[in-house]
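4 protein chains.
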Amino acid sequence: MMPPISPDLIAQQNAPQADALHDEYQALGRKLERRGIAIDTIKSRVKGWSVAVPSWGAGRGGTRFAKFPLAGEPTNIHEKLEDCAVIQQLGRTTPRVSPHFPWDCVSDYAGLRQEAEALGLGFDAVNSNTFQDQPGQAQSYATGSLSSTVSATRAQAVEHNIECIEIGRQLGSTALTVWVGDGTNFPGQQDFARSFDRYLDAAAQVYAALPDGWRMMLEHKMFEPAFYSSVISDWGSSLMAAQELGEKCKCLVDLGHHAPNVNIEQIVARLHRAGKLGGFHFNDSKYGDDDLDSGSINPHQLFLVFNELAEAEANPRGGFDPAYMIDQSHNVTDPIESMLASAEAIAGCYARAQLVDREALHAAQEANDVMLAFRTLRAAYEIDVGPILAMARMEQGGAIDWLTTYRASQHRARKAQERKAVGLGAGIV
Amino acid sequence: MMPPISPDLIAQQNAPQADALHDEYQALGRKLERRGIAIDTIKSRVKGWSVAVPSWGAGRGGTRFAKFPLAGEPTNIHEKLEDCAVIQQLGRTTPRVSPHFPWDCVSDYAGLRQEAEALGLGFDAVNSNTFQDQPGQAQSYATGSLSSTVSATRAQAVEHNIECIEIGRQLGSTALTVWVGDGTNFPGQQDFARSFDRYLDAAAQVYAALPDGWRMMLEHKMFEPAFYSSVISDWGSSLMAAQELGEKCKCLVDLGHHAPNVNIEQIVARLHRAGKLGGFHFNDSKYGDDDLDSGSINPHQLFLVFNELAEAEANPRGGFDPAYMIDQSHNVTDPIESMLASAEAIAGCYARAQLVDREALHAAQEANDVMLAFRTLRAAYEIDVGPILAMARMEQGGAIDWLTTYRASQHRARKAQERKAVGLGAGIV
Amino acid sequence: MMPPISPDLIAQQNAPQADALHDEYQALGRKLERRGIAIDTIKSRVKGWSVAVPSWGAGRGGTRFAKFPLAGEPTNIHEKLEDCAVIQQLGRTTPRVSPHFPWDCVSDYAGLRQEAEALGLGFDAVNSNTFQDQPGQAQSYATGSLSSTVSATRAQAVEHNIECIEIGRQLGSTALTVWVGDGTNFPGQQDFARSFDRYLDAAAQVYAALPDGWRMMLEHKMFEPAFYSSVISDWGSSLMAAQELGEKCKCLVDLGHHAPNVNIEQIVARLHRAGKLGGFHFNDSKYGDDDLDSGSINPHQLFLVFNELAEAEANPRGGFDPAYMIDQSHNVTDPIESMLASAEAIAGCYARAQLVDREALHAAQEANDVMLAFRTLRAAYEIDVGPILAMARMEQGGAIDWLTTYRASQHRARKAQERKAVGLGAGIV
Amino acid sequence: MMPPISPDLIAQQNAPQADALHDEYQALGRKLERRGIAIDTIKSRVKGWSVAVPSWGAGRGGTRFAKFPLAGEPTNIHEKLEDCAVIQQLGRTTPRVSPHFPWDCVSDYAGLRQEAEALGLGFDAVNSNTFQDQPGQAQSYATGSLSSTVSATRAQAVEHNIECIEIGRQLGSTALTVWVGDGTNFPGQQDFARSFDRYLDAAAQVYAALPDGWRMMLEHKMFEPAFYSSVISDWGSSLMAAQELGEKCKCLVDLGHHAPNVNIEQIVARLHRAGKLGGFHFNDSKYGDDDLDSGSINPHQLFLVFNELAEAEANPRGGFDPAYMIDQSHNVTDPIESMLASAEAIAGCYARAQLVDREALHAAQEANDVMLAFRTLRAAYEIDVGPILAMARMEQGGAIDWLTTYRASQHRARKAQERKAVGLGAGIV
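As given, the protein sequences belong to chains A, B, C and D, one line each in that order.
Last residue of the first sequence: 429 (the UniProt record's numbering), numbering continuous.
Last residue of the second sequence: 429 (the UniProt record's numbering), numbering continuous.
Last residue of the third sequence: 429 (the UniProt record's numbering), numbering continuous.
Last residue of the fourth sequence: 429 (the UniProt record's numbering), numbering continuous.
None of these hints come from the bench; they were simulated from the model.
These figures come from a predicted structure and were not determined experimentally.
Heads up, some of the hints might be wrong.
Within a straight-line C-alpha distance of at most 30 Å, the following computed DSSO-like cross-link-like pairs (lysine-lysine) qualify [stated by the list, open to error]:
| # | chain 1 | residue 1 | chain 2 | residue 2 |
| --- | --- | --- | --- | --- |
| 1 | C | Lys47 | C | Lys31 |
| 2 | D | Lys248 | A | Lys31 |
| 3 | C | Lys47 | B | Lys31 |
| 4 | B | Lys248 | D | Lys43 |
| 5 | D | Lys31 | D | Lys43 |
| 6 | B | Lys47 | C | Lys248 |
| 7 | A | Lys248 | C | Lys47 |
| 8 | B | Lys31 | C | Lys420 |
| 9 | A | Lys31 | D | Lys43 |
Stretch-level coverage of chain C by chain D, calculated; a stretch enters the list once three of its residues show a Cβ under 8 Å from a Cβ in chain D [to be verified]:
| # | segment |
| --- | --- |
| 10 | 117-124 |
| 11 | 158-165 |
| 12 | 215-225 |
| 13 | 230-244 |
| 14 | 283-289 |
| 15 | 293-307 |
All residues carry an ideal CB built from backbone N, CA and C; glycine is no exception.
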């Protein structure tokens, strides 16, 4: 299978920028060397690090008010894989795709897996969907899903999750991510205790179906689609559920799912200590679950999260293996460009976290030298790691300047002619 | 035209409850008399007070994740008017409907006005829609509307607003409410100053088209659908725009459009002092623009808003004539029930605000007797004004217990057989 | 010992209000009877319910900017007890005082206990203080207390808590409330994991010193005095700690210690389900830990918390025995008046929660009849329970109108002549 | 007068770091040159830019719970000036001090001005204090100050502000910053409209006393010390007041004084458009008015503010001359270190804002090329401007590495021996 972007084009775009990149890389190398860090070691770690992209993220997102379609956006899993292959070709940080069912249902999953492999892609955690009804579905999720008062609805939701596991098995996945929209819009609408009991009872049935070596990840969210209460609204509820469900059940942190002002990096540390840090959905937000591009609003917070991950990796306390995924809604940009920008921002935070002088940091912490501790962390944040990321991309066949190269490829314009148009999203309101 | 609910049914439902209502009304009358208040005066004021309902509120709402339709929900303005007539028949507080275009477009507006009148309804402020694209529309609002960089798009938005004024004129309306979704999702996406300039320039063209005796109301909103910035994001921006546009331009306060923790009642007082308090969109919220039923989450805040309105009415400073409308999204209830409950909650806060002993309140404020001032206000809030509201309804032909009466009417079940079904809302995500 | 307020004065103040009270009580009785509720049963429950007051709450509070003293405010535990006796005499809901050490240190605790008993008071949970330094203290808490990096500081904090237990034992208390201000103001200042480890290690030493029948209650708080992170910042951290420490360790919920918009009533339900709901600090807030009078800002939220407590009591899941305390900072009112108002507001929410038709509520929840479930809850909230509370007070020797009676007593003016003046609080800034 | 830090020490500390700095500066120069930017131009602008430090910021801050003093902290304006001179000597960005009265009262202001000049310092905006009582003061500010119901209190507050202007005149200042803590803790405590009227009436008297060439700057704050409402709580109220008071009255933005999630950079743009952007108080915050070090929590937001300032400077719309001041509370660090770190962080954001390719940014905005616009802005943010700042410092006699140099100077240890100790701050609670 032909890669969607011509490697020649990439090489051709890279050529005139190589000299400048080498100059910047070497200058940064000297700077890091003065701090006792070998730049090539960092570059190697960056090359070894990756984050998954969600299949649905390849399409244009929207709000309850409107969706403005993009000419050439993908409308099925095959087209989505193709776009994900573009992201991986240019950025070299996103070799896996996280599928969502039933949105990505096909008749032949072995074939789908081969198709992905031919594009240089694998599959990551499987996502179930029990927050919206599908045509022909027996039970409606209007009353919730795993926590619904209606037993047939809970059974349907359990069965769907088990099907997702089975599909995931065929695709080579080893994790199921469960997010439910279950909750209420009115005080009194449901009893908090009974809802949680029902959720746990149903979730236990899903848990029981996990194959060996699999994980089940629970994703909490403060609000939306429910606006008074949500059954798994915070990390505390997620932790309680994961503890009750068992060893293979972990908590997944979506950066946009918390109350205003919350210290998310501390939550990461707490979940790791509890042995329950399962994974991340990366995005950024200013107000609610805005699903904006990772690092676009608060890049420093993203760095602080990665600083905790670096600490956790150094102190595994029985295990450290989080699943990383981008989870964004691209309402105003080309999704390919947004995911490339986001993967770069995330990898940049990973790289910066590697640059923290942990020995000095811990010493300053122990000595209560607040300013020195802060500045040790900040010294890593302020480094422009762009040259490391670009060098890692170039050496792996990716693009130094992925935006210019992507636009030069005219991928989207070509797809706009090939793919069928998406209808207007008139909004729901 | 037959009223949608049989007056006989209402009378029949009221009959067995009348004795209890009289007992409660008289007991409350004695209590208020001890405070120097004549209960019948309050009842008369309640009868003279009203709030509009939005035509779109008669349909089921949803989120970007899903919409779960309701059997029998209305799908056009005629059916919506019918449902609004039910609300007015039972509740007697909502004699006007606020239409939204193009959602409520018809070919004959004079006929629509007659149709509404036959149902006992009039029309309130007209709402324009430049936040989503319609089939066949020349310009997309993907880049914004009144503030778009694209001059043809701004012109289209201006023209649409002017059309709304013209329709409103035919319907007997005297106000245009302008809410735009214009804003950005990324730092740098647009320049704040230039966007605002474009907005003002376009809005001035709409303003210029206002007939005599009309008002133009600007509705600010912190976020959604834009998640980094919104062109009219707060009351300060709304005030600046209304000042620049002119005398007939006022600010409209939607209770769910503010930052967390904000003191909305003080904003009401500030806008009144600036001579710019134009109107309200009532709803409630816990997190963002949740559009929940009025008073369902924080009934005390709603009361505090009405306390400011009562103060403003007593101190008009050149004018006090706000337009009141319910603006909610009924995702999990029958919209007729939610609007009846909301209208009652709002009218109850109006009634409570009438019960405040303002002389005592002002005296305590002047004396810095904090506890006495607080308790003077609280004394009014704690009164159960249900008997006043129910008596006012009954005496005007409405239902003492509107919920039971509505359900006894089987209105929705009948409509579920008559009206065409609404499709699934698969969500946008 | 003479009670601080003359019983004759109370009787004399009550007399002219008794008729009106009986009229209101009887009218409410008829209303409740129509709902199948016997008003006397509710009144009895109210009489059996109580909440503790904090000794420090008897003094005037302030902010970092200023404290404005009140003439006649108490400056030692003896005067504070006297003021608490006034509160209990008039309100009859607050028979216990929660002491704080070292603020309330005396040389003879057996004597203090007798002194309180003579005033009709007992002692509630003991509060330790490791968030500020005392003159002559060996170690400073500038680096934190139970989580400090300095082992001598941790040891001092442990020892202080154990002393508090010992004092509490002498005072007849059976619970220790532990709130620490430990946290950071800078990213990187401390390591989240190591801080938490140190906290747990030190807290375990305190736990080990608990006598039989005692509880240790951990109080979480989002921020202040630390402004980047706090070691026990949320209920999830509190739960983790309480689980690790053991059966006798529980979580205490202060209503003002959460992130904006958080659903606190659901947290109450979650902690109860985890078997860790230990107690409450009641207050209200609009922005942060404002420590305002209970129910003054959001009385409906307070009711929703009590609705969860009523559910929890009906479904004890192995135990339900929370400790209730008022915890407020009275910056602008007479603390006696604020605590009387707060105790009444809290007891009113307790009473309203008793009025919820739980059978109907559960049935509506099971049937997904959202509107009916909501209105079943709301029907209880809207009842003006004032007559029940006033009758309960009067029958127990308290005041129908506690504010007028308190002011008639001239207690504060008398104390202003007896007690030594408090200096200006110039603020810290 | 001897400068507090020996220039020889600075030179000696700089020497071994100069080579590395030159390497980094040149590498960055090549990088910028490839973007068409001359690094020396940016360095010159940085040299020409400055920010004031507040006299009170030289002392240790605290919270209502505690203040932990620092050995050697200054206790009078003379010692504070000395510490501010250290900051300016090492950092070369903070040549002016903003005084606060009555905290900085002396008998001879001409002498104080000379003393400052001898230390290389001038005076910036004068700050009045009507939020706390001073010994011997006739009226208490317990009821507020400029908005108090008590006319004698308002008169006292007006008079104090006028005195501040007079002192400022003697010190060479040309601006008065007015922040009042006036507000309420209870609904109903004061009437919003009457309070605002009183505020405006009193503020107008202060305004009338402004000498030619002076500005009066109003500082809004959402909450604290008042916890239900504040008279100038948001930029809308500040704008209304500044418009009413007159041309010389402007609005001052403190970055920590807003509601959660608010887009502060847009407020900056709005105030500039209204001709009312007067100045800034720089700090950072995570929860409330945390007064943390500038850029320590959200450095990207600080950059976005400076991006607006750069836009405003390029589009002055009748004037652009904001007053910049650091306003922080240094609870856990040496204030000198915190102000050096903050000044560097602020100057770094100024420098980055100069690096934005505005032509490209505007072109992308006009073309609705969202990703390109965002990345144009981000490209400037990601540059490590440290070498520019360090070179500017070194060339002006400051320290390349100010932290190490400051510590090498042992300034604080020496002062700990010279200066009298500060007492414990036991907290107010």
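Within 8 Å of chain D (C-beta), three or more residues of the segment 215-225 of chain C: holds (count 4)
Restraint check for Lys47 (chain B) with Lys248 (chain C), where alpha carbons must lie at most 30 Å apart: Cα-Cα ~58 Å, so violated.
Are three or more residues of the segment 283-289 of chain C within 8 Å, CB to CB, of chain D? holds (count 4)
Holds or violated: Lys47 (chain C) to Lys31 (chain B), with C-alpha atoms at most 30 Å apart: holds, 24 Å
Lys47 (chain C) and Lys31 (chain C): Cα distance at most 30 Å? holds, 21 Å
Verify the coverage statement for the segment 230-244 of chain C against chain D, using a C-beta to C-beta distance below 8 Å and requiring 3 or more qualifying residues. violated (count 0)
Between Lys31 (chain B) and Lys420 (chain C), is the straight-line Cα distance small enough, at 30 Å or below? violated, 44 Å
Taking only the CA atoms, is the gap from Lys31 (chain A) to Lys43 (chain D) under or equal to 30 Å? holds, 20 Å
Tell me if the straight-line CA distance from Lys248 (chain B) to Lys43 (chain D) falls inside 30 Å. violated, 51 Å
Verify the proposed pairing of Lys248 (chain D) with Lys31 (chain A), using a straight-line Cα cut of 30 Å. This hinted pair is violated, its Cα atoms lying about 49 Å apart.
Three residues or more, CB to CB closer than 8 Å: is that satisfied between the segment 293-307 of chain C and chain D? It holds: at least three residues are needed, and the segment 293-307 of chain C offers 3 whose Cβ sits within less than 8 Å of chain D.
Are there three or more residues in the segment 117-124 of chain C whose C-beta lies within less than 8 Å of some C-beta in chain D? violated (count 0)
The structure fails to meet hints 2, 4, 6, 7, 8, 10, 11 and 13 from the earlier list, while all remaining hints are met.
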